[in-house]
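All chains, please: the whole structure from these sequences, using the hints.
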Amino acid sequence: MDAFEGIKGNRFVVVGRVGMDLFPAPGEAVETAENYTADMGGSSANIAAGIVKLGGSSALVTRVSDDAVGRFCKNRLRHYGVDTTNVRDEGGEARNSLALYESRVQGHQSVIYRNGAADFEMTVADVEAVDYSQFTALVTAGTVFAAEPSRSAAFRAFELARAAGLPVIFDIDYRPYSWPSTQVAADVLSRAGALSDVIIGNDEEFGFMAGDIEMGLAKARDLAASSAQIVVYKMGEHGAITFADGSETRTGIYPVTALKPTGAGDSFMAGLLSSIATGHDLKTAVLRGSACAAIVVAKPGCAPAMPDTQALEAFLASHPGPSET
1 MDAFEGIKGN RFVVVGRVGM DLFPAPGEAV ETAENYTADM GGSSANIAAG IVKLGGSSAL
61 VTRVSDDAVG RFCKNRLRHY GVDTTNVRDE GGEARNSLAL YESRVQGHQS VIYRNGAADF
121 EMTVADVEAV DYSQFTALVT AGTVFAAEPS RSAAFRAFEL ARAAGLPVIF DIDYRPYSWP
181 STQVAADVLS RAGALSDVII GNDEEFGFMA GDIEMGLAKA RDLAASSAQI VVYKMGEHGA
241 ITFADGSETR TGIYPVTALK PTGAGDSFMA GLLSSIATGH DLKTAVLRGS ACAAIVVAKP
301 GCAPAMPDTQ ALEAFLASHP GPSET
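Taking the working numbering, the leading residue of the sequence shown gets 1, the next gets one more, and so forth.
Hints were generated in silico from the structure; no laboratory data involved.
Just so it is clear, CB atoms sit at the ideal spot from N, CA and C, and this is done for glycine as well.
Below, in silico cross-link-like pairs of lysine to aspartate or glutamate (EDC-like), each with a Cα-Cα straight-line distance of 20 angstroms or less:
(1) Lys-283 / Asp-2
(2) Lys-8 / Asp-308
(3) Lys-299 / Glu-237
(4) Lys-283 / Glu-313
(5) Lys-283 / Glu-248
(6) Lys-8 / Asp-281
(7) Lys-8 / Asp-245
(8) Lys-283 / Glu-324
(9) Lys-299 / Glu-28
(10) Lys-283 / Glu-237
(11) Lys-299 / Glu-313
(12) Lys-74 / Glu-93
(13) Lys-283 / Asp-245
(14) Lys-8 / Asp-131
(15) Lys-283 / Asp-203
Have a look at the derived ranges for each label pair, beta carbon to beta carbon:
(16) Asn-115 / Val-30: 17 to 23 angstroms
(17) Gln-183 / Val-124: 23 to 29 angstroms
(18) Glu-313 / Glu-159: 35 to 41 angstroms
(19) Ala-68 / Ala-218: 43 to 49 angstroms
Right under this line is the structure:
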């Protein structure tokens, strides 16, 4: 299967969590805030919403709690145009994840509630119910592999997607608080990476998979040489290195005055995929993904901060970047 052709189809099935985000006004601390804005969160849901905003189509596969918060999450997915056909309700004591975070960089605090997470209850039957012929690529983020039965379900989704001719796109997205141990995380994420056609992660995540932060770049190179068609190695303010077709391409970032550090990776993924889908070459697509990340960190919220095509083009036309590499 060809990753570029799948992405150009611009119809994505996204596997992973949706949650509720609560954030106070810019500059306010959680412990003193009296008012919050509520919106959708969760890496996979954010990516799905970002893709739709930029002109593609996406459907989320996950489970949500059978309560008011779960219904809120489904309503927000629909608000952003994400297909919820394969979002299942989970009863009992399972709950949607909840994130409280601040729109400030100095002293930024983010509190995540993930105990008994409903999305970890996604089953093999859930992913087998998906009609993969309706999509052209599968996307997921690493958190989906952190617990069972979600882990087995996600690997089954990989199998079914590949059997249907869809490329697998994997954001490493390592969140230590979700995993039972670092060893389990390293083993499982490495296995997922070896099965993926496109892999995106930062230097710490690739280093974690390799067992040493100093070996992260070598790990990215090895994956590009052995199994993946595209590997993007992100380095924060130092830009990114993209591996594809035996070549390495360095790109910079679009410096902005950041309001918060959250949401950048999800927006990068949406911008990268959507830009490839609309005909941009890989280097340009990476830069447009970086622009999407810059837009999000400069605004409150995650899904609501993600740009549509008009906002992205306006940013690119007015910004002096990208930085030199």
